[in-house]
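**Q** Okay, here's what each chain looks like letter by letter:
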Amino acid sequence: MVAVQNGDLEKLGDLFERHHSRIYSFCLRLTGKAAAAEDLTQETFLRALRYNRTFQGTSDFLPWLYRVARNVANDHFRRSRVPEHGVEKLPDVPSGERPVAEALELAEDSERLRAALARLPPAGREVLVLSRFEHRKYTEIGQILGCSVGAVKTRAHRALKQLGEIYRGLATQGSDRAREVAS
Amino acid sequence: MKCEDFEALLMDCLEEGRAPASNAEARAHLESCEACRRDAAELPILWQRLPAADPVHSAGEAPSARMKERFEESLQTVLEVRELPGRSANKPGIGGRLIAGPWSRALATALAATLAIGVALGFFLGGRLSSNAEVRELRAEMRSVNEVVAVALMSHRSASERLRGIALSSSNLSDATSGGARVIEALLERVRNDPNDNVRVAAVEALGSALDLAQVRDGLFASVGSQESPEVQAALLETLARADRGAVDEVLASGQLDDGVRQWFRVVVPSYVG
Numbered sequence: 000m001v002a003v004q005n006g007d008l009e010k011l012g013d014l015f016e017r018h019h020s021r022i023y024s025f026c027l028r029l030t031g032k033a034a035a036a037e038d039l040t041q042e043t044f045l046r047a048l049r050y051n052r053t054f055q056g057t058s059d060f061l062p063w064l065y066r067v068a069r070n071v072a073n074d075h076f077r078r079s080r081v082p083e084h085g086v087e088k089l090p091d092v093p094s095g096e097r098p099v100a101e102a103l104e105l106a107e108d109s110e111r112l113r114a115a116l117a118r119l120p121p122a123g124r125e126v127l128v129l130s131r132f133e134h135r136k137y138t139e140i141g142q143i144l145g146c147s148v149g150a151v152k153t154r155a156h157r158a159l160k161q162l163g164e165i166y167r168g169l170a171t172q173g174s175d176r177a178r179e180v181a182s
Numbered sequence: 000m001k002c003e004d005f006e007a008l009l010m011d012c013l014e015e016g017r018a019p020a021s022n023a024e025a026r027a028h029l030e031s032c033e034a035c036r037r038d039a040a041e042l043p044i045l046w047q048r049l050p051a052a053d054p055v056h057s058a059g060e061a062p063s064a065r066m067k068e069r070f071e072e073s074l075q076t077v078l079e080v081r082e083l084p085g086r087s088a089n090k091p092g093i094g095g096r097l098i099a100g101p102w103s104r105a106l107a108t109a110l111a112a113t114l115a116i117g118v119a120l121g122f123f124l125g126g127r128l129s130s131n132a133e134v135r136e137l138r139a140e141m142r143s144v145n146e147v148v149a150v151a152l153m154s155h156r157s158a159s160e161r162l163r164g165i166a167l168s169s170s171n172l173s174d175a176t177s178g179g180a181r182v183i184e185a186l187l188e189r190v191r192n193d194p195n196d197n198v199r200v201a202a203v204e205a206l207g208s209a210l211d212l213a214q215v216r217d218g219l220f221a222s223v224g225s226q227e228s229p230e231v232q233a234a235l236l237e238t239l240a241r242a243d244r245g246a247v248d249e250v251l252a253s254g255q256l257d258d259g260v261r262q263w264f265r266v267v268v269p270s271y272v273g
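Those protein sequence lines, which keep their order, are chains S and Y. Yeah, the first sequence ends on 182 if you go by numbering that gives the first Met the number 0, and it's all consecutive. Yeah, the second sequence ends on 273 if you go by numbering that gives the first Met the number 0, and it's all consecutive.
It is worth saying that the hints were derived from the structure and are not from the lab. Take these hints with a grain of salt, some might be off.
[Said to hold, decoys possible] Only pairs whose alpha carbons sit at most 30 Å apart, straight line, appear in this in silico BS3-like list of lysine-lysine:
#, chain 1, residue 1, chain 2, residue 2
1, S, Lys-160, Y, Lys-1
2, S, Lys-32, S, Lys-136
3, Y, Lys-67, S, Lys-32
4, Y, Lys-1, S, Lys-136
5, S, Lys-32, S, Lys-10
6, S, Lys-160, S, Lys-136
7, S, Lys-160, S, Lys-32
8, S, Lys-10, Y, Lys-67
9, S, Lys-136, S, Lys-10
[What the hints assert, rightly or not] Computed list of chain Y residues with no C-beta within reach of chain S, every gap over 10 Å:
#, residue
10, Cys-32
11, Val-147
12, His-155
13, Arg-191
14, Ser-225
Ideal Cβ placement from N, Cα and C applies to all residues, glycine included.
The shape of chain Y in the complex, shown without the other chains (with noise of 0.2 Å):
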């Protein structure tokens, strides 16, 4: 018997309770070696002990009710970023939560001045809105107005906050050539600098649905060298799969990824990619 069989065996005794030394193999072994001796003598006193070290022993085992709060807002809030399948529709959206929830002081002024804009808007236009033109030039403007928003919250400290923006950011991607530019470049300015790997999955996630746009295109894959994260390299991986297959197999080829991406990558998105 070597010393790694001898070690094998002396684990499989500590996982199931029995003494190594009623193996006759092992009994040979360890007359001869007295390194196995030590640990065979030293590692089931250890083991046996170590359950009295557990630290949830000391430290309590149960979690802060606050944990399971923030929990569900986090659950939330990534559900209405990612808008995807599975949202009741009895929940309130993104405008019903940003009512209900705290009010930062940014987001106050700007719906204050959307309000203002409006009311201003409706009065000076009066019943004259029956034209087309009128109309979209009101779109616009409440439409600059959220954008302004957007781009505030997304430059909040809090993360939740800047989760929000980029929420709020969705409605005017659709828009992105005629005027979400500011929009565009806050989102890439997350997915590059946010200190919050949530954020910048997100703005990754958000930045998604303006792949047509090379801005965004070039923005992304300029920014895969930089991540540290795994998640957020997955996330771009995903995004990037859907516009330019050809040029994330580069990326793959390029060492710059962590190991655990690239092999869930190669399992995962050819399914779904097509």
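In isolation and in its complexed conformation, chain S is listed as follows (with noise of 0.2 Å):
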């Protein structure tokens, strides 16, 4: 990235060459679509171009270009209004209701969750995502997000309490549709 800013911008091919599997699953992970991480992926590397002058040589290369790529993301979802899979009214579910961990011991688990992680707001699924599936470490999220490692916490927190909420939700919708169907 140094010989980038030293003029050299065809390096940016090199960094591309190293780094784009990555960023491509980030913005994968964000979006849940892959023409759009594609889109977003290119995107934020001509973007590091551009605003390559606001890389310090002294930090590490691979968290500004994470926030790069998040940047980059947000604008998407900003340009689209809505988060990439839309938000679906979900049923209000009393707190006490069927708790999580019951729900989580059926088979079909696994995808609820996943639907569930793609209703959560960009703002907490980033940072479930960072942290779960990109192996990031708080203080390098806290890099990535430009916020304090405290405020990473209380941001995993709360992402996490709203995804177990929007997983009761959809379970909740998953019984009362095959009570619909037994009947």
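Put the two chains together into one complex, using the hints given.
**A** Here is the structure:
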């Protein structure tokens, strides 16, 4: 990246070669759509070229690149006005009803959990994606999101709770449909 | 221990793979707080099960081979548009790439017209081109055709063709005072209304070489307020700062810009605007 900053802009091709798979996976995890993830990956590297002066040579390159990718994804969500997966209205579920632990015992829980994750607002999804799928530590996530480690933990906790609520709503919807079919 | 302290501890434990109940203060808090007890029971299960919900496992890890080709094409186009250092001397210039690349109908027609004009002028003028005035006249004709091609490409439905039009327009901007009015208006139109942010940014950067014209400065300043994309806003600020830093400071103070762009500009731009 330092070579790019020094004017050797074609070195961006090398950076793309080395990091595009990782950034693509990150974008795919944020959007859930392969075509959108490809567009965002390409845009991330072009934006990295445009904003190369904002990279400080003393810091790690990867968190900086994640940060650019995250901003590109946020612009994408902002432009499309709704999260990539859309937000489906879920039934209100009393918090004490059907514990998540019990619902997660079901065989279809992974699919339902994936659907719940897709319905999570982007700000919550990104922190869980970075931590659980990209295996970034809270300190690194703080660099990527531009906030303190404490704020990362607060956001992750809130996102996880919200994920549980969405998951519970989907599980209840599934049970109601099963009852309708049975009757 | 307060609830927020327990939440932070719980998230630390999840990251490090240990149980919060091993902490005496946490145990005491859990005895008296039902909400945190529920979190302590549910959130670790969700946390553990999350990797099974990874969208990458279901959609496939690898991007298509076409993505890399598209990136390389875009990178080359951006380098040509910006005319920044770093281009290899042995790589084809914009003209070579236009000829080598897929021909749009407008481009093919315009290039054919260029050739025809050249042949016709050569035929009629014969050996009389030694006169400077005639050489200038021929160049003017060629430039005029060049302008037509650039303007035509800038209204093409494909964003990459519009980028090519912008790249082609840069040679006309150096003569903006004499004949580039159409090109300038077409570039300003791209800045104001193009649906693609990359095209808008390229048009802003191209107009950066004609900041001595009031029409260009006024047009760019007028478009700042209507830009939603932080990237376009940043490009406008960066370019306009070279023309009138004071006016840019007024724009920064007006509150019509993205917060991230304002911060970025304050940190980065003074270091090279001087």
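**Q** Decide, hint by hint, whether the structure agrees.
**A** Right, here's what the structure says about each hint:
{"no.": "1", "hint": "Lys-160(S) to Lys-1(Y)", "verdict": "holds, 18 Å"}
{"no.": "2", "hint": "Lys-32(S) to Lys-136(S)", "verdict": "holds, 25 Å"}
{"no.": "3", "hint": "Lys-67(Y) to Lys-32(S)", "verdict": "holds, 17 Å"}
{"no.": "4", "hint": "Lys-1(Y) to Lys-136(S)", "verdict": "holds, 24 Å"}
{"no.": "5", "hint": "Lys-32(S) to Lys-10(S)", "verdict": "holds, 29 Å"}
{"no.": "6", "hint": "Lys-160(S) to Lys-136(S)", "verdict": "holds, 20 Å"}
{"no.": "7", "hint": "Lys-160(S) to Lys-32(S)", "verdict": "holds, 25 Å"}
{"no.": "8", "hint": "Lys-10(S) to Lys-67(Y)", "verdict": "holds, 15 Å"}
{"no.": "9", "hint": "Lys-136(S) to Lys-10(S)", "verdict": "holds, 29 Å"}
{"no.": "10", "hint": "Cys-32", "verdict": "holds, 14 Å"}
{"no.": "11", "hint": "Val-147", "verdict": "holds, 29 Å"}
{"no.": "12", "hint": "His-155", "verdict": "holds, 20 Å"}
{"no.": "13", "hint": "Arg-191", "verdict": "holds, 17 Å"}
{"no.": "14", "hint": "Ser-225", "verdict": "holds, 15 Å"}
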